[in-house]
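Enquirer: Listed here are the chains, written in short residue letters.
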Amino acid sequence: DVKVTQSSRYLVKRTGEKVFLECVQDMDHENMFWYRQDPGLGLRLIYFSYDVKMKEKGDIPEGYSVSREKKERFSLILESASTNQTSMYLCASSLLGQNQPQHFGDGTRLSIL
Amino acid sequence: GNSVTQMEGPVTLSEEAFLTINCTYTATGYPSLFWYVQYPGEGLQLLLKATKADDKGSNKGFEATYRKETTSFHLEKGSVQVSDSAVYFCALSPYSGGGADGLTFGKGTHLIIQP
Chain A
1 DVKVTQSSRY LVKRTGEKVF LECVQDMDHE NMFWYRQDPG LGLRLIYFSY DVKMKEKGDI
61 PEGYSVSREK KERFSLILES ASTNQTSMYL CASSLLGQNQ PQHFGDGTRL SIL
Chain B
1 GNSVTQMEGP VTLSEEAFLT INCTYTATGY PSLFWYVQYP GEGLQLLLKA TKADDKGSNK
61 GFEATYRKET TSFHLEKGSV QVSDSAVYFC ALSPYSGGGA DGLTFGKGTH LIIQP
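Residue numbers (our numbering), protein chains in the order written: chain A, 1 to 113; chain B, 1 to 115.
None of these hints come from the bench; they were simulated from the model.
Note that the structure is a prediction, hence the values are computed from the model and not measured.
Each hint should be verified, as a subset may be incorrect.
In silico negatives: residues of chain B with every beta carbon more than 10 Å from chain A [said to hold, decoys possible]:
id : residue
1  : SER14
2  : ASP84
3  : GLY102
Derived DSBU-like pairs (lysine-lysine); straight-line CA-CA distance at most 30 Å [stated by the list, open to error]:
id : chain 1 : residue 1 : chain 2 : residue 2
4  : A       : LYS13     : B       : LYS68
5  : A       : LYS55     : B       : LYS56
6  : A       : LYS3      : A       : LYS53
7  : A       : LYS57     : A       : LYS71
8  : B       : LYS77     : A       : LYS57
9  : B       : LYS68     : A       : LYS3
10 : A       : LYS3      : B       : LYS77
11 : A       : LYS18     : A       : LYS53
12 : B       : LYS107    : A       : LYS57
13 : A       : LYS71     : A       : LYS13
From the three backbone atoms N, C-alpha and C, an ideal C-beta is built for every residue, glycine too.
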């Protein structure tokens, strides 16, 4: 089975801090994704990557950046955390191709105080 | 742009009832369609998918048929169980010809099954 592991289930940080969320997948997937999930808004794509060192903006990239130095690892960075970035963050991975399903981690619930 | 609309709920049913969760989409080209399920405290799991018009996806007693004429992908199950209580997301993947694309999700439907 595909395993997507997010480094923390719960995280509390302060406004203005630089925050790193880590995601690792073990199935040699080319694609990796970061979403945030908010009540009433569903899931929204922040960034994705289809190869090492490659990244593409999703629907809501403002205030975020990403890093993919190795194929199995995709990091989401909040450069200067703000309270409106309090959310559930979900990482996913997939093989290349339109019909490939995405496999999700269990999520990181991030609170910015 | 692409969008997915689904009933938000919560939808409350009794055990063994028939379930329908409606999903309609807007997309250019020929998207693939998915249903994901999220159990409490967990990430999303793929439930079923359909990649072209008139395809039927099925899994664990759930079914959905890709209807291009009505741009719909409604989720159905003939007899629900308490263990089906979860949040269900309809999603689409746009045609891209290759490379990565993020999914466009509906807002999710919270399903509650009472014994």
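Enquirer: If a hint holds in the structure, say so; if it doesn't, say that too.
Expert: These are the hints, each one checked on the structure:
The beta carbon of B:SER14 sits about 26 Å from the closest Cβ of chain A, which is more than 10 Å, so the claim that it is off the interface holds. Look at B:ASP84: its CB is around 19 Å from the nearest CB on chain A, clear of 10 Å, so calling it non-interface holds up. A cut-off of 10 Å between C-beta atoms contradicts the statement that B:GLY102 is not in contact with chain A; the least separation is 4 Å. For the hint pairing A:LYS13 with B:LYS68, the CA-to-CA distance comes to about 46 Å; that exceeds 30 Å, so the pair is violated.
Between A:LYS55 and B:LYS56 the alpha-carbon distance is near 33 Å, which puts this suggested pair outside the 30 Å criterion. A hinted pair counts as satisfied when its Cα atoms are at most 30 Å apart, and A:LYS3 with A:LYS53 qualifies at roughly 22 Å. Taken as a hint, the A:LYS57 and A:LYS71 pair is honoured in the structure, with Cα atoms around 18 Å apart against an allowance of 30 Å. A C-alpha spacing of about 37 Å is found between B:LYS77 and A:LYS57, which places the hinted pair above 30 Å, so the restraint is violated.
Only pairs whose Cα atoms come within 30 Å are accepted, and B:LYS68 paired with A:LYS3 is rejected, the gap being roughly 33 Å. Distance restraint check for A:LYS3 and B:LYS77: the Cα-Cα separation of roughly 28 Å lies within the 30 Å cut-off, and the hinted pair is therefore satisfied. For the given pair, A:LYS18 sits about 21 Å from A:LYS53 by alpha-carbon distance, which is consistent with the 30 Å threshold. Between B:LYS107 and A:LYS57 the alpha-carbon distance is near 21 Å, which keeps this suggested pair within the 30 Å criterion.
Pair hint A:LYS71 plus A:LYS13 holds up; C-alpha atoms about 28 Å apart against a cutoff of 30 Å.
In the structure shown, a violation is registered for the earlier hints numbered 3, 4, 5, 8, 9, in ascending order.
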